[in-house]
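J.: Using the hints provided, position chain B relative to the given structure of chain A.
In order, the protein sequences belong to chains A and B. Count along the first sequence from 1, then add 2; that gives the number in our numbering. Count along the second sequence from 1, then add 52; that gives the number in our numbering.
By construction, these hints were calculated from the structure, which means they are not laboratory data. Since this is a predicted model, take the numbers as computed values, not measurements.
Taking lysine-lysine pairs in the DSS-like style, the calculated list, with each CA pair at most 25 Å apart, reads:
1) A:K147 / B:K263
2) A:K33 / B:K314
3) B:K672 / B:K770
4) B:K514 / B:K377
5) B:K672 / A:K147
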Amino acid sequence: MSITLKINGESRQVNAEPDTPLLWVIRDELKLTGTKFGCGIAQCGACTVHMNGQAIRSCVMPVSAVAEQEITTIEGLNSKTAAAVQTAWEDLAVVQCGYCQSGQIMSATALLEKNTQPNDGDINQAMSGNICRCATYMRVRAAIKQAATDLAREV
Amino acid sequence: MRKFQQMSINRRAFLRKSAGAGAGLTLMVGLSACSRQETASGPQQLSDAVDSEPLEANAFVKIGTDNRVTVMIKHLEMGQGTYTGLATLVAEEMDADWEQIVSQSAPADAKRYANLQWGPVQGTGGSSAIPNSYMQLREAGAAARQMLVGAAAAAWEVAAGEIAVVKGRVSHAASGREASFGELAEAAVQQPLPQTVTLKDPKDFTLIGTKLSRKDIGKTDGTAVFTQDIQLPGMLTAVVAHPPRFGARLQRVDDSAARQVKGVVNVVTIPTGVAVLAETFWQAKKGRDALQLEWDESEAFNQSSEELIQQYRELAQQPGASAQKHGDVEQGFAAADKVIEASYEFPYLAHAAMEPLNCVVQIHADGAEVWNGCQLQTVDQAAVAGVLGIKPESVVIHTLLAGGSFGRRAGTNSDYVVEATEIAKAHAQPVPVKLVWTREDDTNAGYFRPLYVHHLKAGLDKQGNIVAWQHRIVGQSILTGSPFAGMVQNGIDLSSVEGAIHLPYKMDNFSVELHTVDINVPVLWWRSVGSTHTAYSTEAFIDELAAAAGRDPIAYRLDMLGDDARHRGVLELAAEKSGWKSPLPAGRVRGFALHKSFGTYVAQVAELSIADDQRYRVEKVTCAVDCGVAINPDVIRAQIEGGIGYGLSPALISETTLREGKVVEANFDRYQVIRIDHMPAIDVHIVNSAESPTGVGEPGTPVIAPAVANALFAASGKPRHKLPLGERV
Numbered sequence: 003m004s005i006t007l008k009i010n011g012e013s014r015q016v017n018a019e020p021d022t023p024l025l026w027v028i029r030d031e032l033k034l035t036g037t038k039f040g041c042g043i044a045q046c047g048a049c050t051v052h053m054n055g056q057a058i059r060s061c062v063m064p065v066s067a068v069a070e071q072e073i074t075t076i077e078g079l080n081s082k083t084a085a086a087v088q089t090a091w092e093d094l095a096v097v098q099c100g101y102c103q104s105g106q107i108m109s110a111t112a113l114l115e116k117n118t119q120p121n122d123g124d125i126n127q128a129m130s131g132n133i134c135r136c137a138t139y140m141r142v143r144a145a146i147k148q149a150a151t152d153l154a155r156e157v
Numbered sequence: 053m054r055k056f057q058q059m060s061i062n063r064r065a066f067l068r069k070s071a072g073a074g075a076g077l078t079l080m081v082g083l084s085a086c087s088r089q090e091t092a093s094g095p096q097q098l099s100d101a102v103d104s105e106p107l108e109a110n111a112f113v114k115i116g117t118d119n120r121v122t123v124m125i126k127h128l129e130m131g132q133g134t135y136t137g138l139a140t141l142v143a144e145e146m147d148a149d150w151e152q153i154v155s156q157s158a159p160a161d162a163k164r165y166a167n168l169q170w171g172p173v174q175g176t177g178g179s180s181a182i183p184n185s186y187m188q189l190r191e192a193g194a195a196a197r198q199m200l201v202g203a204a205a206a207a208w209e210v211a212a213g214e215i216a217v218v219k220g221r222v223s224h225a226a227s228g229r230e231a232s233f234g235e236l237a238e239a240a241v242q243q244p245l246p247q248t249v250t251l252k253d254p255k256d257f258t259l260i261g262t263k264l265s266r267k268d269i270g271k272t273d274g275t276a277v278f279t280q281d282i283q284l285p286g287m288l289t290a291v292v293a294h295p296p297r298f299g300a301r302l303q304r305v306d307d308s309a310a311r312q313v314k315g316v317v318n319v320v321t322i323p324t325g326v327a328v329l330a331e332t333f334w335q336a337k338k339g340r341d342a343l344q345l346e347w348d349e350s351e352a353f354n355q356s357s358e359e360l361i362q363q364y365r366e367l368a369q370q371p372g373a374s375a376q377k378h379g380d381v382e383q384g385f386a387a388a389d390k391v392i393e394a395s396y397e398f399p400y401l402a403h404a405a406m407e408p409l410n411c412v413v414q415i416h417a418d419g420a421e422v423w424n425g426c427q428l429q430t431v432d433q434a435a436v437a438g439v440l441g442i443k444p445e446s447v448v449i450h451t452l453l454a455g456g457s458f459g460r461r462a463g464t465n466s467d468y469v470v471e472a473t474e475i476a477k478a479h480a481q482p483v484p485v486k487l488v489w490t491r492e493d494d495t496n497a498g499y500f501r502p503l504y505v506h507h508l509k510a511g512l513d514k515q516g517n518i519v520a521w522q523h524r525i526v527g528q529s530i531l532t533g534s535p536f537a538g539m540v541q542n543g544i545d546l547s548s549v550e551g552a553i554h555l556p557y558k559m560d561n562f563s564v565e566l567h568t569v570d571i572n573v574p575v576l577w578w579r580s581v582g583s584t585h586t587a588y589s590t591e592a593f594i595d596e597l598a599a600a601a602g603r604d605p606i607a608y609r610l611d612m613l614g615d616d617a618r619h620r621g622v623l624e625l626a627a628e629k630s631g632w633k634s635p636l637p638a639g640r641v642r643g644f645a646l647h648k649s650f651g652t653y654v655a656q657v658a659e660l661s662i663a664d665d666q667r668y669r670v671e672k673v674t675c676a677v678d679c680g681v682a683i684n685p686d687v688i689r690a691q692i693e694g695g696i697g698y699g700l701s702p703a704l705i706s707e708t709t710l711r712e713g714k715v716v717e718a719n720f721d722r723y724q725v726i727r728i729d730h731m732p733a734i735d736v737h738i739v740n741s742a743e744s745p746t747g748v749g750e751p752g753t754p755v756i757a758p759a760v761a762n763a764l765f766a767a768s769g770k771p772r773h774k775l776p777l778g779e780r781v
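Same shape as in the complex, but just chain A (with noise of 0.2 Å):
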């Protein structure tokens, strides 16, 4: 069937079944690959995306429900809060292999943009939906902290 998204700031016809996760319909439809797939359960958090700014688990979630939804992906992040978080990134040498970034990135901006001061406790609840098998977790909590700070001091 044809479905509209709003995926990225643009509408976007696509032709899914619908019950296709809309990883999938991200994936191989839209050819947006930077979302991934690590479990098909929303175990791993590999595939987090934002819907209306809030971290969910693309995966497990029908393109039916999301129809009328603004979705953004790693492709599309481009609030102050997501470059700070990148920033961070970048400057910590968070990443090993990589495949869990996005969704840790995508967890890591949606928690700023509604906490700009997240404590420890914060960090392990917003983040601990998302694997790292490298377990680069104790610099992804360190870049959390960072962008936290970036964003307080241009504020």
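T.: Just chain B now, with coordinates in the frame of chain A:
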């Protein structure tokens, strides 16, 4: 894998020996470092097209007229930082500007890109990228520099010796002439290949030892391309139904419902199962789920982990094949004041890299093309060629970034690469086929870190000194029957006993024995291989002996290290930096472990907090590492942090359990791995060293489990004989 050294290239052995020698070495340049291709046909650019085709100075260095220097990376970038590390070696000797360096995966070509520790095999593993490339890539960089200088000297009609190169600028002070690498590129590649090069004195390094930006770029904005992301015209995605148990055989296929699924193009039977090909992944998966299959499981493996452990325990009570021996352990036990024994149990483990396994294959009239996070290019090339009945050199491999591997993409029989090839062959259409495994496919397929049982027995004299040590290991062989079977010697798979057969501690009567179990469960190396279990059993047992001797665990070890300076060095550094001798606040405990693997020395102190309900948390890890010359200190720290994090999962919570031959933990809901809230603060201290560099991808991993277990032992007095350790003291 590093034990392939026996086949390695002799000249390199000489170079490695001289690597630590100070002042500017002048070396003969060998063919492998600096040959040029007869016809330039490098790997296709998948993206990121360059303005002009860079010009080849040698096998590892291309210089573009746009001033970009492309370093051909012969190893797989899977997160360990090899795009950065190998490029550093080239850039250092070239005196390039780091910003002008671009890293690109080398094509599959063992003639030019062999792992020099393995012989004529291109591949990545055993933490060997830096040690096998250290001299080779410095030579390649120095040769390219010499050609640039030669070109400038000819153009400016000045002596080469008067020319300086600084941060990618070639200059002649007296005449005031100056040029970029790009401006000199065309003339430089016309220069004769240098017969000798002079390498820098390490004191003149400007890049090695500093923090540099990583060269595996595009990982923070979604633009990095992994195998999963490959899009090619006409490409189909394949999802495979595998046997429900290892060794089950397909009896009957009813694919009528699968073929009705929208988007499904074909269903093919291959040796490893039934593949559904469709336009998209989701269609292929729905098609796969709609297959009606019957399997003959009469010869399938149907045992449970529990039964295996029981059998292994019984075997561990009997003498095994001798893997290492000196002195006479029986005499030692007879003379001992005290004899202590302990058994240790280790479950199967899945690698569970974030990128589930996948591979793209396209068959052409004259060969095949493979897109893969390829870890063993030469092995995979031969395997694909074997399926198709063509020559290995007709198989072009595009090595892509891998979303982790931890050993899994180095399958000794190229399992998933062969599967993708079989599907493309059976489909028999000239289109690319992308095989995608789901997470469950990935975990259920096996190739686990084997399940092991160890039994250790030690005799102590009246002072608590070890007078006899007997270590028995029971488990499957990773390498028997594989292309790496050369590492199985006299029935001993060295990967089963590494880390146990050469302890740093002085012992007069010493014996390590192995029982190799032959069962139909696929097993494979897993980050740090034998050390994943041998570091645990040996280091946990040492703490039990120290306790029996009434000694401090670090002091006890130090006494047995003799004058082994590098082991002592990391031990003392970790002890000092962790404040080992200072008292801990209430509710805190510490544990120590020491282990050398892949030539790198690692000591760790784990500090745990213990709550009133006896739950504990690993709060802090202090790690000392000696890996010789530290090429990229920040990458070393990252690998040690990540290696500890990777090792912490099986230490605390990960295990793969077989129940009647089936995997219980097929996805991350059951296969527990550490998340951000488990991650301790890790403090890495790198020993300042002029020794030849060794790898760091693996050595951090095996040390954390015994360090944590030893802390728990210190807290409770109960030794920990089984991994994972669980959540409570």
